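*Asks:* The lines below spell out each chain.
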Amino acid sequence: MNPQHEPTLVVDRLTTRFAGRGGSVAAVDEVSFHVAPGEVLGLVGESGSGKSMTGFSILGLVDPPGEIAAGSIRLKGRELRGLPAREWRALRGDRIAMIFQDPMMTLNPVLRIDTQMIETVRAHRRISRDAARALARDALARVGIPSPDERLRAYPHQLSGGMRQRVAIAIALLNAPDLIIADEPTTALDVTIQAQILFEMQTLCRESGTALIWITHDLAVVAGLADRVCVMYAGRIVEQGGTAQVLETPAHPYTRGLLDSTPAANAQPDATGRPQPLRQIPGMAPSLKELPAGCAFRPRCTRASDLCGQVPPAVELAPGHVARCFHPLPTVPEVKP
Amino acid sequence: MSAQQPAQTAALQEAPVKAPASGSPRAPLLELRDIRKIFGARPDWLERLGQRLGWLQPAATVQALDGVSLSIAHGEVVGLVGESGCGKSTLGRIAVGLHAPSSGKRLWRGTDLDALSDAERRRVGLGIQMIFQDPYASLNPRLRVRDLLAEAPRVHGLIDRPSETDYVAALLRQVGLDPAMAGRFPHQFSGGQRARVGIARALAVKPEFLVCDEAVAALDVSVQAQVLNLFMRLREELGLTYLFISHDLGVVRHLSDRVAIMYLGRIVESAPSAEIFSRPAHPYTQGLLAEAPTLKVEKKRFLAIQGELPSPLAPPPGCHFHPRCPYAFERCRFEVPNLAEIAPGHVSACHLNSA
Amino acid sequence: MSETSPRPAASPADSEVERPLRRVVRAYAESRVALFGLALLLAIVLAALLAPWLAPQNPYDLMQLDMLDGRLPPGSASGDGQLTYLLGTDEQGRDMLSAILYGLRISVGVGVVATLLALAIGMALGLAAGYFGGRFDAVLMRIADIQLSFPSILVAMILLALFGQGIDKIVIALVAAQWAYYARTTRSAALVEGRKEYIEAARLLGLSTARILFRHLLPNCLPPLIVVAALQVAAAIALEATLSFLGLGLPVTEPSLGLLIANGFQYLYSGRYWISVFPGVALLLLILAINLVADQLRDVLNPRLQSQ
Numbered sequence: 052m053n054p055q056h057e058p059t060l061v062v063d064r065l066t067t068r069f070a071g072r073g074g075s076v077a078a079v080d081e082v083s084f085h086v087a088p089g090e091v092l093g094l095v096g097e098s099g100s101g102k103s104m105t106g107f108s109i110l111g112l113v114d115p116p117g118e119i120a121a122g123s124i125r126l127k128g129r130e131l132r133g134l135p136a137r138e139w140r141a142l143r144g145d146r147i148a149m150i151f152q153d154p155m156m157t158l159n160p161v162l163r164i165d166t167q168m169i170e171t172v173r174a175h176r177r178i179s180r181d182a183a184r185a186l187a188r189d190a191l192a193r194v195g196i197p198s199p200d201e202r203l204r205a206y207p208h209q210l211s212g213g214m215r216q217r218v219a220i221a222i223a224l225l226n227a228p229d230l231i232i233a234d235e236p237t238t239a240l241d242v243t244i245q246a247q248i249l250f251e252m253q254t255l256c257r258e259s260g261t262a263l264i265w266i267t268h269d270l271a272v273v274a275g276l277a278d279r280v281c282v283m284y285a286g287r288i289v290e291q292g293g294t295a296q297v298l299e300t301p302a303h304p305y306t307r308g309l310l311d312s313t314p315a316a317n318a319q320p321d322a323t324g325r326p327q328p329l330r331q332i333p334g335m336a337p338s339l340k341e342l343p344a345g346c347a348f349r350p351r352c353t354r355a356s357d358l359c360g361q362v363p364p365a366v367e368l369a370p371g372h373v374a375r376c377f378h379p380l381p382t383v384p385e386v387k388p
Numbered sequence: 052m053s054a055q056q057p058a059q060t061a062a063l064q065e066a067p068v069k070a071p072a073s074g075s076p077r078a079p080l081l082e083l084r085d086i087r088k089i090f091g092a093r094p095d096w097l098e099r100l101g102q103r104l105g106w107l108q109p110a111a112t113v114q115a116l117d118g119v120s121l122s123i124a125h126g127e128v129v130g131l132v133g134e135s136g137c138g139k140s141t142l143g144r145i146a147v148g149l150h151a152p153s154s155g156k157r158l159w160r161g162t163d164l165d166a167l168s169d170a171e172r173r174r175v176g177l178g179i180q181m182i183f184q185d186p187y188a189s190l191n192p193r194l195r196v197r198d199l200l201a202e203a204p205r206v207h208g209l210i211d212r213p214s215e216t217d218y219v220a221a222l223l224r225q226v227g228l229d230p231a232m233a234g235r236f237p238h239q240f241s242g243g244q245r246a247r248v249g250i251a252r253a254l255a256v257k258p259e260f261l262v263c264d265e266a267v268a269a270l271d272v273s274v275q276a277q278v279l280n281l282f283m284r285l286r287e288e289l290g291l292t293y294l295f296i297s298h299d300l301g302v303v304r305h306l307s308d309r310v311a312i313m314y315l316g317r318i319v320e321s322a323p324s325a326e327i328f329s330r331p332a333h334p335y336t337q338g339l340l341a342e343a344p345t346l347k348v349e350k351k352r353f354l355a356i357q358g359e360l361p362s363p364l365a366p367p368p369g370c371h372f373h374p375r376c377p378y379a380f381e382r383c384r385f386e387v388p389n390l391a392e393i394a395p396g397h398v399s400a401c402h403l404n405s406a
Numbered sequence: 005m006s007e008t009s010p011r012p013a014a015s016p017a018d019s020e021v022e023r024p025l026r027r028v029v030r031a032y033a034e035s036r037v038a039l040f041g042l043a044l045l046l047a048i049v050l051a052a053l054l055a056p057w058l059a060p061q062n063p064y065d066l067m068q069l070d071m072l073d074g075r076l077p078p079g080s081a082s083g084d085g086q087l088t089y090l091l092g093t094d095e096q097g098r099d100m101l102s103a104i105l106y107g108l109r110i111s112v113g114v115g116v117v118a119t120l121l122a123l124a125i126g127m128a129l130g131l132a133a134g135y136f137g138g139r140f141d142a143v144l145m146r147i148a149d150i151q152l153s154f155p156s157i158l159v160a161m162i163l164l165a166l167f168g169q170g171i172d173k174i175v176i177a178l179v180a181a182q183w184a185y186y187a188r189t190t191r192s193a194a195l196v197e198g199r200k201e202y203i204e205a206a207r208l209l210g211l212s213t214a215r216i217l218f219r220h221l222l223p224n225c226l227p228p229l230i231v232v233a234a235l236q237v238a239a240a241i242a243l244e245a246t247l248s249f250l251g252l253g254l255p256v257t258e259p260s261l262g263l264l265i266a267n268g269f270q271y272l273y274s275g276r277y278w279i280s281v282f283p284g285v286a287l288l289l290l291i292l293a294i295n296l297v298a299d300q301l302r303d304v305l306n307p308r309l310q311s312q
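Residue numbers (the working numbering), protein chains in the order written: chain A, 52 to 388; chain B, 52 to 406; chain C, 5 to 312.
These are computed hints drawn from the structure, not numbers from a lab. Each statement offered as a hint is correct.
Pulled a few chain B residues facing chain C out of the computed Cβ check, cut under 7 Å:
hint	residue
1	L177
2	D185
3	N191
As the structure is a computational prediction, the values presented were derived from the model and not from experiment. Virtual Cβ for every residue (Gly too), placed ideally from N, Cα, C.
Start from the sequences and build out the full structure, keeping to the hints where you can.
*Replies:* In structure tokens:
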């Protein structure tokens, strides 16, 4: 976090609604955050929390019946909301790049890697094929692909899943974007490959000053990667702050519940030698169609009161640590018995 | 809690032991002995002709399992960990009898399952059920929950028509679902609820042994916690034995009494859960533990395991792990290390153990 | 540790959960063209079924025909003044409307019966091939490949040349020409569905192979089969009409639409268009209606669109 830097991306009260039978639902509801150059922001939530839709909104990829209903998205001071489709296309792949869970969303199976990479460069910049090819080769080398010249001539199906994801990352890096949005890019990969990619992404973003939004369901992934974390529930950011603040002293009961649900965190066996049951969150995530009024987490929350029938405002509990909760947990580190 | 359980946390047997008497109470509930599995179709006459004439390359075969032995005691939970392509799912499917091993034996309470008649094997097979990974593909979308749960017990005469409704209701309650949901189709449930229906379906035939193949991998964290707690509660209530297959060390650590680590078709290490997480012996286990994401807020400064998983089509000779192993030396390149006991109940297959 | 045992998971509101059948009906009704096609099809089928009650005369009963009324244009009155030939008459004085209604009956009947038989045979073979695989699968699919490499009209013509004419013969020829489509479609569906975990679960639960095949596998293979069957009914009707037109199909005593068209063909140039054209229009409307319905079914039952 470098407060002296102007943030690369400022998202302010972004709301994305989907019209459907029986009214419209807010998949993203008044979401505000910012990312600084070289910073990694973890966007964490379970399925249906709106984390991917937040990413799609920033990329201008919300298709009808969805629409960005309110708020603003500013990239380096430039307002993106309401941009014509042609200008969005010019931005994507150039100033904003994306990485998906399935690298085949990015890669065309019938084209060689070099063809695809050179095209990506030349779609946004007027340079020769040879220069573009050199850039492509550099990008492959930077993401840790051994013998990049050989890989350039390969087709996607000739590469392993981890390799393909690396190529997708290299394509994202090609035009030195200001912002990369990565949606669960390591979820389908093995632990050892995931570790390598996480490690490399961190270094790359720091060195190039690219801002990175890492969308994931896995708190453990952001723990080792992100500088700051936003936790989403039912379309809203319920808590955000520095990674240590959110993961070590969570203020929102939902964040606490997620941490307690993660098995790695509390595997201390009890006196009988058996592990304790996980402290699970009761109930299940609500459908966006039938959200309770006020705090959406209220029906599953042990701390809820009548007050929670209203939408809780975002309250800054510590510098940079914001939660939307009327009854936040104490944010001083407590000693657990 | 079964009292005999800790005593039976027997070490993995790397060599076949003398066969215990049939139905011996001391025999492990399920024992897999020296299981090999080779995938790849045997060539038919046309392909053989083509190969002989040199027009066709011999079809690639994958040795998914290379002499794996595993025994699981009654009431025990064994975690089986490994990365994709290591053969853990194949081993699970052999354990339940969905795949036949290319060689090796499957013993149930000391009795060789292949020596049984079809009818007997079918009866014993009911005692071994599987919980699947995909909560969508594992339920027949055309059947109501009532039929999903009651079909098998009805066919096998475990229940009669009048008691069916009560039986289904009891099953649903046991897995934490509302019995009023019995009339619904699978698509009317959330992922977590489908997982529960899948568990109830397995419980419907009163199994003793459950093989869970990545059973919580597709679920959200909060739902995963609920289902893991359900597995633990069922173990207490029904005295179930589990083989819990997962790539997630956290999940396995949480549930298992004993953990076996697989790499490219072989078990490389096996030990009681607490032991393997506190004193991992094999370099691959050490690397996995170091690289699994944890909730500790710290940036990784080093990588324990470099490189990619080799293709199972052409595994490296010697120790399969040697190309990625930071400690590999000459011997690892040509000699396969055997599993050897390095502490009570703790076996590891690494030449460093004897170096 | 009992406090933490999960309480029954909260149920989503039961209000908006749709049954699969109801979803199909609703999605089907979204297209007006498809609804029109369905209405047209129902009208034609109903008219064919009720032909004996709807038709002004029985075109097969030679006693009712008056040779003197032959080749009258549409709208003419009969010689005895008892009825009006709305669509004219043919050379034997047969009321074309009645002939078309009876012809539709035969065309639709032959098409549907042949399709159902071919469906049953192809489905059973394809299901077994997809589930068991191996040599049976290889042999069956090679036979299907060879058969499909000939035009179906050729297959049917050869068979009819061997067997001779007759309504049963043409059904056999149509089945022989079409079973392979169903076998292929079923097999590919069975291959996809058979790999899913619910089939493995059924095996582990000790269910019999017949039960797995017919209760678990088959119902999940049906959607693509329904689409193929709907399209193939049209193809079967067209094929039968073609064969009859060529004089290979049904005997003159049971004139289907194809034969009616053929009968009027020679009068086309003499300006007596109605003998050929009206049966042609009836055939066209029938096939159009079936195709409209089948097209929409394909969209509605497409699993890729269904997931949304």
